[in-house]
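Trainee: Chains as they are written, first to last, in the working numbering: chain A, 1 to 238; chain B, 239 to 528; chain C, 529 to 939.
Just so you know, these hints were derived from the structure itself, not from any lab. Hints may be right or wrong, so weigh each one.
To be verified - Partial list, computed: chain B residues near chain A (C-beta under 10 Å): (1) Ala-404; (2) Ala-407; (3) Leu-417; (4) Met-418; (5) Gly-419; (6) Ile-420; (7) Ser-421; (8) Ser-422; (9) Gly-472.
As the list claims (entries may be wrong) - Just some of the chain B residues that point at chain C, by a computed CB distance under 7 Å: (10) Ser-245; (11) Thr-353; (12) Pro-355; (13) Lys-373; (14) Thr-448; (15) Phe-449; (16) Met-492; (17) Thr-493; (18) Asp-501.
What the hints assert, rightly or not - Derived EDC-like pairs (lysine to aspartate or glutamate); straight-line CA-CA distance at most 20 Å: (19) B:Lys-424 - A:Glu-71; (20) C:Lys-828 - C:Glu-939; (21) B:Lys-356 - C:Asp-812.
What you are looking at is a predicted structure, and each value in this text was computed from that prediction instead of being measured. Note that the Cβ used here is the ideal one computed from N, Cα and C, for glycine as well.
Here is what each chain is made of, one letter per residue.
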Amino acid sequence: MLKVNNIHVSYGKVEIIKQVSFEVNQGEVVVIIGANGAGKTTIMKTVTGLLKPTQGEILFEGQNIARTPAEKIVKLGLAMCPEGRQVFPQHTVYENLVLGGYLIRKDKPMFQKNIEQMYNLFPILKERSKQVAGTLSGGEQQMLAIARAMMSNPKLLLLDEPSAGLAPIYVKNIFDMIQKLSEQGTTILLVEQMANMALKIADRAYVLETGRIALGGTAVEIMNDPKVVESYLGSKKY
Amino acid sequence: MFQALESGMVMGSIYALLALAINIIYSTTGIINFAHGEIVMLGAMFALTFIVTSGIPFLLGLILTCITVAIVAVILYYCTVRPFGDKLGNSLGWLMATLGAGIVFTNIAMLVFGTQPKAFPPIGGSELVKIFGIKLLPHDIWVLVITLLIALFFNVVLGKTILGNAIKATSFSHSVTKLMGISSQKIVLTCFAMSGIIAAIAGILISPITFVGPQMTATIGLKGFGAAIIGGVGNSKGAFAGGLLLGILEALAMTQVTPGYKDAIAFLIMIIAISIKPEGIFGVAYEKKV
Amino acid sequence: MEDVSRRKFMKLSGAATLAALAFPAGILAGCGSPQTQSSNKESDKKEFVIGVIGAMTGASAQLGNNAKYGTTIAVEEINAKGGINGVPIRLVIRDDEADPTKSLSLARELVTKEKIDAFIGPTNTTCAKAIQPYLNQNKIIHLNGGCTGAALINEKEFPYSFRTHINDRDQAIFMVKRAVNKGRQKIAMVHDTSALGSGAKADMEAAFKQMGKQPAVDCSYNVGDVDMLPVARKIKDAQCDSALFFTLGVDGAQISKALEKLDYLPPKIELHGYTSVGQPAYRDLAGSAANGTLVNTPTKCTYKENEPLPARQAALVKAFEDKFGAKVTNEIIFATAVSFYDCAYIIKEGVEKNKSYEADKIKGAIESITNYDGANSNYKFGPDKHDGNDPSQLSVGLVTKYTKGMFQLVE
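Can you build the whole structure from these sequences, using the hints too?
Mentor: Set out below in structure tokens:
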């Protein structure tokens, strides 16, 4: 479904991503794990079109989207829930969802159906639908951010560090949700620092180290790789 | 007293019109367009050229003026705001650039149209009509009605439509807005064009009152910013209320104190209003939770 | 008459700067022979240089055009008849954009590079304040044709500065005296809060005191105010039968329009404005509210109802039109333009009386002119009177009745 071939990405003169290749197949949950500053968010921004690679190609369902503007990529069926949640703080919960469904705004029944679906998935959002998003808790904002991304019926959902800054109870909750979405048929590309949790729900995984893919394989392989255990799972493993 | 109230409301409507256009740009880019007063002046100049000098019928002239000024506003965006990127909060370049553009507009107007103010016919003729013992020009009524309509229009567009949502979203973050499949660039351009259209209408409405000249909006422009701030920047209800309030208070202050100190009073009111309610009368103060 | 743009000095025209740069300094100077100093002998003199500075671009452009057009026509006439003392006049005209700083640097350039023998201008009181000390230090004969600030003429401080145009104080005195002598009972003083307006207020108050009368009400406003209803209200509430407008054209028009809303226009009240009210802006912008407004005007630049324009002034109008285009009288204030025209002739008189180019001799000669028949007025100078004009030369015209920039005489 998504195939990234040898991309290089730079911020100004500094090359952050060097010759990165990976792929995500239909129905999979793929996780990219890596330390802070390894370039995980940069990869996500590049796939969604917010950054442009200096080299390489990004194929989404066979179409090269490396030069496509971000707002057009969303139309192709690729949505992202950005790092730090980034819900629209002055909009109500409902308005956030409306914006998430901007692309299907003309299809009223579909729009209505999606809203209902999100409310079912995240009942708290229904409860708070008239509340301004800036006043939600971090976990609630994360749910809203995921729901917002799901509003456009994406084929591929990108999640950038959904667990960052959340209370442990919410982290568990969020990963359960992700698994649920996957079971409902959404392909998911996940970027995480919380390697252990992510690997548990993933089918395959990549390890990103200073802008390069250091390792790739099934989630089980990666989970059992001694280097990964040492660097990313370590004492946190439980 | 009522006469003063009426003229205060007319001036207030004009401040409100400016504030509304300032708001629409603020809503999407988070910046204040300091060249807005001059854009209104250009609107008046074009209207004078089309309607008075060339004799084009009023409505057609109005439409032509709106189109021309909308284009000017879009050009202004490309020249003074676009170069500073999407995250305008991080730079003050736009401040200097829009202020500078205002001066350039004034000077171009001086060169092209001359420096002497010119008369512009009021809408509905210059015969005074008497309503409830107050003498007023039909034009004054037009100013009030059109301003109210534009304010209502914006209230609906910004508050109740998906375009309004998208505009507000753009001001929060261009990139997140793009992730919703919305072209933030198009939204910003739409807003600049809309501000240009209102500026053109404001120009035509102000012209018979201030006369048409390169300096016609020098103080009015500043009070337009004031009205926007009093009302809470980015809020169309607030802009309308802020404008009217400023106009009426100014008119009342003038009848009680020497008119020579009117500007000082107007700005004093602004300072007090801003310090009591920094977010504006209708502004929403929200605290960010983590 | 001037200082249309006192609050606009800050906004300098970039394009105007370019225009000024387009006249590079000294390109006209130096015809091969060394420049002569004013102290040199008459026989060495190849040319007599008169420098002119005025605001020819920017908001006060009209004022600069008065200076430019008036002096150009005068110098052409003088040169056609053999120049000053047989020496041709060379006119060097510069644009200061109403900016005092620019005005001073241009004055320096005129004195040091162009070696001017005499100076005419500038066109804004603030600019005049900036350059007068410099000109007087360098003993340059200075004729002021259009800056009306009374304090500019001071025989001790500025011994080489003279003026042809009527000043603000004389106008204020004239207006107050006329109103009182006409038996007006309740007189309103209307003026802005600028230096010009507050100066006029002081002058009018002094004149009232002298006449043993009090003004009924004092109405001030800011230059450029749009809502003038409170001013009009004040005038009406005091039931004034006369209002003295020391206002710029645009502001005066706003006040008249506000009076119209209150239904308090002539003949209910007499509106009498100083010379700025004669600007086309006033009558164009006030529209029907301008009917009946009176304005100060030099008697010589008026015409009587159903009679032709005075011959001399009509000939000048023709000269202006031939040289600068048929619409020229719309671009200038005729009376001020001929005041500048007179400046050139006063210099000629001053030089030829003693047949000397020396500043002190010229100064003495001008001071001895006691009845010069100018195109704007008859001038009377003296060692203690460098203001050649006076209120006796003023009349009252009707703003809405005008031909080629001249007003129809009322009285």
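Trainee: Is the hint on Gly-472 of chain B kept, meaning its closest Cβ partner in chain A is under 10 Å away?
Mentor: 9 Å, holds
Trainee: Would the pair Lys-424 of chain B and Glu-71 of chain A pass a check requiring their Cα atoms to be no farther apart than 20 Å?
Mentor: Answer holds: Lys-424 of chain B to Glu-71 of chain A is near 11 Å, not above 20 Å.
Trainee: Quick check on Phe-449 of chain B please, does its C-beta sit within 7 Å of some C-beta on chain C?
Mentor: Status holds, d = 5 Å.
Trainee: Measuring from the C-beta of Leu-417 of chain B to each C-beta in chain A, is the shortest one below 10 Å?
Mentor: Result: holds, 5 Å to nearest chain A Cβ.
Trainee: Let me know if the C-beta of Thr-353 of chain B comes in closer than 7 Å to any C-beta of chain C, holds or violated.
Mentor: Check passed: Cβ of Thr-353 of chain B comes within 5 Å of chain C, closer than 7 Å.
Trainee: If you take the shortest Cβ to Cβ gap from Ser-245 of chain B to chain C, is it below 7 Å?
Mentor: 5 Å, holds
Trainee: Is the interface hint for Ser-422 of chain B satisfied, with its Cβ closer than 10 Å to some Cβ of chain A?
Mentor: Since the shortest Cβ distance to chain A is 8 Å, the answer is holds.
Trainee: Can you verify the interface hint for Thr-493 of chain B: is its Cβ closer than 7 Å to any Cβ in chain C?
Mentor: 5 Å, holds
Trainee: Hint check: is the beta carbon of Lys-373 of chain B less than 7 Å from a beta carbon of chain C?
Mentor: This hint holds: Lys-373 of chain B lies near chain C, its Cβ roughly 5 Å from the closest one there, short of 7 Å.
Trainee: Can you verify the interface hint for Met-492 of chain B: is its Cβ closer than 7 Å to any Cβ in chain C?
Mentor: 4 Å, holds
Trainee: Against chain C, run the beta carbon of Asp-501 of chain B and see if the smallest gap drops under 7 Å.
Mentor: 6 Å, holds
Trainee: Grab the minimum C-beta distance from Met-418 of chain B to chain A and call the hint holds if it beats 10 Å, violated otherwise.
Mentor: 5 Å, holds
Checked against the numbered hints above, the structure violates none of them.
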